[in-house]
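Novice: Chains as they are written, first to last, in this note's numbering: chain A, 1 to 631; chain B, 1001 to 1074.
Worth flagging that the hints you see were computed from the coordinates, not collected in a lab. Heads up, some of the hints might be wrong.
[As the list claims (entries may be wrong)] Facing chain B, a subset of chain A residues (Cβ under 10 Å, in silico):
| no. | residue |
| --- | --- |
| 1 | D329 |
| 2 | V330 |
| 3 | P487 |
[To be verified] Label pairs and their in silico Cβ distance ranges:
| no. | chain 1 | residue 1 | chain 2 | residue 2 | range |
| --- | --- | --- | --- | --- | --- |
| 4 | B | D1057 | A | T262 | 53 to 63 Å |
| 5 | A | V572 | B | P1016 | 26 to 36 Å |
| 6 | B | R1007 | A | S579 | 16 to 26 Å |
| 7 | B | D1008 | A | S579 | 49 to 59 Å |
| 8 | A | K515 | B | D1057 | 17 to 27 Å |
| 9 | B | G1058 | A | S579 | 42 to 52 Å |
| 10 | B | L1041 | A | D503 | 52 to 62 Å |
Beta carbons are placed, not taken as given, at the ideal position from N, Cα and C, and that holds for glycine.
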Amino acid sequence: MPATDLRFFKRLPVTTALRFNEVPPPSVDIYNTATMDATRAVGATAAISTYLGYLAGMDAAIGVSAVANLTAYYDNSVNRAPHLNAASVWEVADPAPASIAAPHRVSAKAEANPTPAIADGLRVEQTPAIAWRDTDHSQRPALSLPWGEALRRAASVAESWRDLFRGQRPAVVASFTEANSNPVWLTDAWQDRHRRPRPALVVPWGEGKRLARSLTASFGAGSPRLVYVRVPWQEARRPPPGTSLHGSTEPPGHVPCYVPNTLLRFWDLASTVSLDLRFRCPNVNPGPGTGETIVIPIRRVYMQINTQSLVLASTGQQIMASGLSLSIDVDSWVWGWSASVPGAYLPLLQDAGGGRVELIATLNGTAFRLAVESVARNRRFGSSTLKISGRGRAAWLAAPYADIVTRSNAEAMTAQQLLADALTVNGVSIGWTIDWQITDWLVPAGAWSHTGTAIEAALAIAEAGGAYIQAHRNSQILSVLPRYPLPPWQWNTLTPDFQLPEDVCVTEGIEWVEKPAYNTVFVSGQSGGLVGHVTVQGSAGDKAAPMVTDPLTTHADAARQRGIAVLSDTGVQRNVMLSLPVLPETGIIPPGKLVSYIEGGRTHLGLTRSVQVAANFPKLRQTIGVECHGL
Amino acid sequence: MGYNLYRDLRSLLPAPRLLIGTVTAVEAGKVMVTLPDGAVLSARGAAALGSTVYIRDGAIEGPAPVLTVVGIEI
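Bound conformation, chain B alone (with noise of 0.2 Å):
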């Protein structure tokens, strides 16, 4: 048990994350996203291929800009 219960509830509870990802394959009624630490997920929905989308919960949301990486050390 941590210490705030309602952080520990919150962590029960399913919260899908926004992710960002760029398409690399295209397919009948779904697309193939690359996420940029190389993890490939199919998400519902339809997208030019190429092209950078938002992804939450396995559907794509809508274009996403193309972002410039900046590596960071710490």
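The shape of chain A in the complex, shown without the other chains (with noise of 0.2 Å):
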């Protein structure tokens, strides 16, 4: 059996004896198994060689399979006494794996119960106890009546009816004895209830456990992010020196006066004693109290040269007038004028076809286109004179040369395309415009109706948004002006359009007067619209004017107007007159300017309300008239 084993029967003991012929015991079986492979064999006999002692049992081994050459040496020299090996306490550790470990590990999300801050309370066990028991029956003592039953005595027949002696007067008989009185001690039908202890306040419920509850926020403090503040504009500064281009200083949103276009609009018509051509800038439109104020200064000397003329519009024939006087106020739409000329302009100014005979005045440079209504002759010897008057061309639009139309809007208009309607034949314009001033507003269809000629329907148009009528002194522009622009005791917000002194004016005359100080108004539409409640502002509102209907209140804005006009004209006003030559600051003042007039160092704030021009050439004066408020 081929084996590289080599098994040895028997351990010798370690020691340093010699041992010889000591034969190991026989056993087939050993040297049966004591083999050797060949080719471990070279290798172990190099190793093993003896010099000293002797190896049992390995001749015939060896020599069955392979030349067995062993050689064991024994070396007695050597200590193979128990030993320790010197050996060091400590080892050489291993390095540690070098991972990267954080200090601390990311701990598992605990769960978040949301659980509440209180616990339930446990319900303390009560046992349902009453405070009283029942009464037990046999407590109750006997009922014992203080008094016996009586015995009732005999009732003896006796005659109802005696003689009346009073020996025999029957004895009084009670059907009851006297009863007898039982010992009375102390009782009482009922006893008190035995009161049981009474239980221990006990609260049902404990004092709950304060749980830990972690609040999380889904949201936490935002962090503010930059918001750049863009400024369109630049701090200004003085320009820098040298040239440099700047791009244009207009405010945005300025619309200048010169818009580029071929259109030449004249303010003015062409004056026969001045060269001068006026134009109109189309944007101006100033209401009072917004423009710049004129002041007019003091001076020593008024220095004034006047000019006037009268010419027929027609011819452009100069009339030789004397006495010429145009006066307009704000209940008057158009201007009304008289003159004095010679009798010999008669046919001049009367026009042999029925047509219209038209003048123009001009005074100062102002021009005034005029109407011939009345002509009226007066003579004596050696004099002829014409007195002649009329109104302004404006008379075109009322009776007696205007028809009498009804008018109605059958559809939903403006205020103010109602009054443009009205000034339309069949539609086709009259060529009058409109210089609408006031707050528009809208009149529902049906709401409109008026017969009358036109200019009278402007004036119904203009009288329920509180404002009146002014006709252009020469030109086809009917203008709606607000009675009052702001109430009277708003009007220190304004700026005046003229500032004049006591020493420009000729005259002087104040009249007060005094209206009722009325506070609040209604006014109502008629078939439609609303009833506009119009109070003053921080008034009580108790003094309620006179109700004012109107068909064309058809919106907060025409019944707000309206109030204005009715609850500013109250109060004590005072009426200036000033006579003033016309300057050629001023010009001469239309109806509806904001007069600042200083007198002894008192300032008269008011509205013009009228105005009279006299002009008796060289003199020429105006005379107008101012509305203050208060005292």
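Make the complex out of the two chains shown on their own, each in a separate frame, by following the hints.
Specialist: So, in structure tokens, the structure goes:
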């Protein structure tokens, strides 16, 4: 059997004694198994040799399969006593795997149980105890009556009536004898119930345990973001030295007066005494109190050279007039005039064909277009004068020249459109334009119905908006002006149009007028619209003006403007009449201008309501009426 | 004297206003009408209780619509 094992049957004790001729016990098995591989035997042979001692049992085994040349050496000089190997207390530790470890590990996310801070309290057991128990029937004392039952006495039959002898009066017989009083002790039918020990006051709920609860907010504090504010304008500065080009200094939104086009708009008719051409800026439409103040300075002497002319509008023929007078006020929508001319002009002032005769009066460059409506002649020896009068050219819009037309609106229109519609004939304009200076409002279909001339319709529309009509002095323009652009108590916020010192006024007259101090008014529509309850702000609203009904009160804007007109014309007023020359700075001051008149250190601020111009060459005066409020 | 003689003349002449009110009481031959400002006047004519009527010169002219009241401060 091929085997490489060397099997020794006996371990020799480690000793220094030399043993010879010690025969191992015979055993065939041992010999058979003591085989050695040939290949291994080569290596083993070189390693094992001995010079001393013996190798027991080796000779036969090797001899079977290979040449056994085994030599065993045994060195006796070696100390083979038990000993400890020199060893270090510490062994070299293996380097720990260098793994990047955080000092703290990520803890597992704890479950956030949304639990209330207060746990459910345990319900304390409580025995329903009744403070009162039933009364034992046995403990009830016996009913005892303090009085025993009385014995009924025998009632003897007695005659009911006897003679009235006192001695024979029957004794009074009582039905019951007097009862014997039972012994009385303090008894009561009812005894008190025994009070059981009152149960201790227990609260069914114990104090709840406070649970820890972590508040987890879904949103943290926001970090501010940078917001860049961009200002389109930079701070102005003086231009740097040198020549540089700058952009336009026109503020945005400003429309310049001159818009390049081919239209030339003249403001006035060509004057006969001046070569100036007056152009009109179409964008300038200043209302009262919005423009700049024209200040008349205080001078020692006011020098004035007046011009006056009166010509026929058709031919331009000069008419020598004397005593020309013109006037207008807020309640007159057109200028009225009168003049005296020589009687020789009669054929010129009367059109044989039935046409209309118009004159042009020019006073200090201000032209008026006048219609001749009335001519009267006065003659005496050596003289013949004509007294002519009339109105402005807007008179053709009124009776007796204009037709009476019934107007209505079949569809919703604004008040301005209604007025424009009134100035048409069969939808064609009659040449008049509108200068609308109040707040427009919408008039529903069918709310407007009027029968009359064009100017009557215009007056009705304007009155509904608290406005008045002023016809232009020479152009075909109807101005719709607010009777009070602001209530009088707000006039100090406006800029006066004219500032007149008392030095420039020739005469002055002040008349104090007291009117009811209304502070509220009801402005009502009629078939439709609304009822505007207009009240002065800050007032009690307890003094109501008479109610105003107007079919055109269809919007709050109309009611408001009408209410301002009604409630402004109240209280103490001053009518200041000022007579002054027609200065080049002022011209003829029309109604509706805010005038500041300074007299004796006091300022009268008011709206002009009327103007009368008296031209008696070479004198030219205007007398304006100013409505001021307050004492 | 004001600025306009015609206006002064008009103010002298009686010019009955057109009023709108609500009938608050009906009596024999007349009705009591309350104006929006609270004033009560008696008017000739007949109208149903609670209706809105036009009044001019103390007489009822006819029924009037019920309009919305808008408060305006100036």
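Novice: Now tell me, hint by hint, if it's right for this structure.
Specialist: Right, here's what the structure says about each hint:
Given the 10 Å rule on beta carbons, the hint for A/D329 holds: about 4 Å separates it from the nearest Cβ of chain B. For the restraint placing A/V330 at the interface with chain B, the shortest Cβ-Cβ distance is roughly 7 Å, inside the 10 Å limit, so the hint holds. Nearest Cβ of chain B to the Cβ of A/P487: about 6 Å, under the 10 Å cut. The hint holds. Checked against the hint of 53 to 63 Å, the C-beta distance between B/D1057 and A/T262 comes to roughly 59 Å, which is consistent with it.
At roughly 28 Å, the beta carbons of A/V572 and B/P1016 sit within the given window of 26 to 36 Å. Roughly 22 Å separates the CB atoms of B/R1007 and A/S579, a value that falls within the hinted 16 to 26 Å. Here the CB-CB span from B/D1008 to A/S579 is close to 21 Å, at odds with the stated 49 to 59 Å. Restraint check, A/K515 to B/D1057: a C-beta distance of roughly 24 Å satisfies the suggested window 17 to 27 Å.
About 46 Å separates the C-beta atoms of B/G1058 and A/S579, a value consistent with the hinted range of 42 to 52 Å. Checked against the given bound of 52 to 62 Å, the beta carbons of B/L1041 and A/D503, roughly 54 Å apart, stay inside it.
The structure shown violates just one earlier hint, number 7.
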